[in-house]
Structure formats: structure tokens, C-alpha cells
Amino acid sequence: MLETKIHNLTLKNPVMTASGTFGYGEEFADFIDLNRLGGIVVKGTTGERRQGNAYPRMAETPSGMLNAVGLQNVGVDTFCEKVYDRIKDLDTNVIVNVSGSSIEEYCTVAEKINALENIPAIELNISCPNVKKGGMGFGTNPDMAAQVVSEVRKVYDKTLIVKLTPNVTSVVDIAKAVEQAGADSVSLINTMLGMAIDVERQRPYLSTITGGLSGPCVKPVAVRMVWQVAHAVQIPVIGLGGITCAADALEFLMAGAKAVEVGTANFMDPTVTIKIIEGLEDYCKRHKINDINEIIGII
Amino acid sequence: MKQITDFRIVERLQLGEHYFMLKVQHPDTMQPIQPGQFVEVEVKDSREVMLRRPISIHDVDAMANTMSLLIQIVGNGTRKLAELKVGDKLNIIYPLGNGFSVEGKRPLLVGGGAGTAPLLHLAKCYNEKGVRPVILLGGRTADLIPVKEPFAQYGELLIATDDGSMGEKGMVTQHSRFADDYDHIATCGPTPMMKAVARHAKEKGIACEVSLENMMACGIGACLCCVQDTQEGHKCVCKDGPVFDPLTLNNWM
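Top line first, the protein sequences correspond to chains A and B.
Residue numbers for the first sequence follow the numbering used here, so the first one is 6 and each next one is one higher.
Residue numbers for the second sequence follow the numbering used here, so the first one is 74 and each next one is one higher.
Hints are computed from structural coordinates only; laboratory data are not their basis.
Don't take every hint at face value.
Said to hold, decoys possible - Taking CB as the label site, the calculated pair distances span:
| no. | chain 1 | residue 1 | chain 2 | residue 2 | range |
| --- | --- | --- | --- | --- | --- |
| 1 | B | 304 | A | 80 | 35 to 45 Å |
| 2 | A | 304 | B | 74 | 36 to 46 Å |
| 3 | B | 253 | A | 91 | 39 to 49 Å |
Claimed, not checked - Which bits of chain B does chain A cover? Going by a derived footprint, with three or more residues having C-beta under 8 Å, they are:
| no. | region |
| --- | --- |
| 4 | 74-81 |
| 5 | 128-137 |
| 6 | 299-313 |
Glycine residues also receive a C-beta, built at the ideal position from the N, C-alpha and C atoms.
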């Protein structure tokens, strides 16, 4: 009833987890059966181990939060040698979010992940707002976005998802550019660049001054962008941004997303993904929908 | 194993203007809890608060399946929690983090302000090992030390206040018994206090544990927001802490 497809991937349901909000999945294993998820997008992985930005890296804002983690991760080699073994036998699509500061770094990481049998896809992160060099730089210019995607395409032959930033004038132009360059799917939106100031101490809350805004407050923007992109490209769209319940997920599906990723809501309730899956099942029953694909893109 | 559970509030105690205590009961059998571990509680019906709030576990009664949470009112989240009443449900993720080691034969426990919270369960756990710790609690005024007397049954209770309103006048590190011959120190409270305690422990060659409270989102090591700079790189206070050996922390001593 809930099965959906993203390029060559079959998802048992459209609910995946968003990179950077779900660790490597293991952190949530006490709370939920990870095998029930449609997919898990693990922490952004770079060529070398990264320490990320200085503390403080987080500020809560109305119905949202700003983060400036800055891609702290163990690096692709440690991921392949240690982490992979711990998660490779999960009965779900384990997708690695691939990040970098140069085209060479993206390609190096993608090539190493390509060799891992049980990783059926990567999500190319050309949209992280929290690293000084690269990251979002690639995702804000259609030519640069196309360039990094076409280079990665040469070394990566499984499902290539490209994660887009909302911090652009026209997300449709970027989506079309990466589609042309060989992307199999696009996921959007990454966080929105934001800022918050502690007026009592008269300084920004984040060590980096600006950070990425996520949570329910970004959802209407995300739904709008998913709707625009879904109407402009042929490849499947994955929607994310502020999803906290089945109704939120349904908004994205109706706007044209073939699947969704749940992010910040995992911090509010570690069991939220399962509640969303059950909520989708319930919705289908109530509305006599035999196949969730019937409602995808109906708007 | 970590759990997410609806506890029921069975007791609410206002402790002066700035603190209150909630005793919450598990609907079934509560997981074992180490001293120094914490919980993440849900804050309902608040326009400002989306994330859970990390709260120290003050006391545990395994037989009654209850724990006590000592909460300082500091912002929108804790102000909202202060409105909770006996009988209300409270959704809690627990037990989180790594607790104190409960090592030493002559331990000193040093608490400052709200940092006294995890030390009661710790003192009890020392008692279970046949050890009566010295417990030194400090605050700017007596009112700002939320819990005092209950400690006396688990060890020797000493108080230091900046204004001399209770116990010796001055900071905990100036207390006449602070520099006695201890073989282990556990501390929780304001960072400057913990740093002073840790420096003293280092000088005397005494093993020391400090409990940190960096700002958190998830509480389970997923978001990487609450990091502390350590000799092994950034560590999550929620998952790798909150209790650390101060000798492993960068820019701390």
C-alpha cells in the first residue's frame, strides 16, 4: 500500500530520515525498529574526519531550530571500515549523504561509497550552509551544481540523489541543471540560512553567527519548493522540511514528492517516523487508497 | 536500554522562587538509572518551545518506580514545566548519558546551585557501597541551594554561601573542609566552580569527575549540537557525558 520507488530503489514506505538528524540509525535503535523505515540517510560524510564548528552550535527558535554543526563526521574511510559493518545488514535503504569542499572530495567519497555493496544510493549534499568552503556554494549556482553532479556521475553508478538548498533565487533552475547533469533524483529542502541574537548578552547564539533553520517553521516554504520542482523535472523528488506528522508528509506527497525525509522531528520524538508510517497507513484506509502513488503529485 | 515513556506526576514541590521538584512515576517497571544520568522531557502546548528539555535525575526509588526531577526555572521551557500539576502526564526519554563512577572510599561531592540535583542519587549510591561521602553544597545565598537537608542522611553535609546566610561564608573552594584528604571528587554546578574544583583535584592528584550541561537538542547523540572540546575531539555531552574526567577536556584547567 505504501511502497514507492526512487529511481532503482524500492522503498517499503515513503518515510526516510534526513541526514544529520538520525546519526547512523543506531542512536534510535532502542526506540524503533529501523527496518520499518523506507530509508535511512546517514550523517553527511566527507573525505577526511571533520570536527565541525565550535560550540554553541544550536539555538531554538519559534517552531524551529538553528544549527551550525558544520559536518562533524568520522570521514569516509572510517565510515567504510567501521560504521558500514554495523549498519549494512539493516533491512532498509541505507543511503549515505556525501559532502565535501571540492569536486575532487565529492568524487573521492562517492567512489568509495560506490564500492559498498549494501549502500544502494548516495545523497549528494551540495547545500550545507554551515561550512565555509564549498557545500552550499555548489548548490547556489546552476553551472557549478551541474559540474559537480556530472563529475560524481562518472565515478558513481548507483542511485544518485542530489540534495538542494532553498537559499537560492530559483530552486527550479538548480533542479533542472542537476537533472541534466545526470542526477537520478533530487531531495529538498536543506536548511534555510538564518540567524538569532541573544539580546541580553548582545551577541549571536551560534558560534558561526549564522546557521541552518529547520523544523515546522520551514515547512510551507519546503512544500512550495517541492511543488515547483516536481512540476519542472522528470526525475523523482524527495521532500523534506519540517515534517512532524503524517499530514505533513502527505502535503509533500500531494505536492509531488515520491518520498519524504523526516529531520528535526526526530529530536522531538525519536519514534516519530513510525508514527508517520502508521499515520499514512491509516490515511490510506480512511480514504480507500490502495496505493500511495495514487495521491503523489495530485496538486 | 533507553526508553520513551509517559510518566505520571505524583508529587510537585515548590522550592523557593527559582526551583521546583517533580516526582514522576513509571506506569510499569522503570529502567535502572545510574547517578548522574539525565532525562529529556517534553514541553507541551508552548508556542516558543519545540525541543525537549534535559533535566538531571535528582533521586530514584526503584521499588516505587519513581524518580525525582529537580528543575530550575530559567527560560520558556522550564517555566512551562513549572505549570505541571500532580496527576499530569510527562513524556520522558530516559535514562540518558553516562553517570558518575561511584569510586573512592573518602569521596567529596561538590554541588553549586541547581548542580546539587544529581548528587543526591549519587550520595545514595555511595551509601549502597558502604561509603558515606562528604557533601559540600554552595550558592550565592541559602535560597539558591534548592535542596539541603535530605543530603544529611547520606553523608556529612557542609554548606558554603557567598553571603554567609547559611554555613560558612564564601565559595565552596574556600570552605575549611574543602581541602581535606579525599580520594575522589565528583562535582556538578556552574562551570567556574567546577573548574576551580577540578584544578584543586589535579594539584592534589585526586581523581575527579565533572558533570557538564551544554545546550542540547536530541539528548541521544544524533544531532551533535551539545559538543564539548576534548583531547579526542568533539564529544557529545548527552551521549559521551554528561560526566567527564576534567583532565580530558580542552581549555578547561
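Right, here's what the structure says about each hint:
no.: 1; hint: B:304 / A:80: 35 to 45 Å; verdict: 18 Å, violated
no.: 2; hint: A:304 / B:74: 36 to 46 Å; verdict: 42 Å, holds
no.: 3; hint: B:253 / A:91: 39 to 49 Å; verdict: 47 Å, holds
no.: 4; hint: 74-81; verdict: holds (count 4)
no.: 5; hint: 128-137; verdict: violated (count 0)
no.: 6; hint: 299-313; verdict: holds (count 7)
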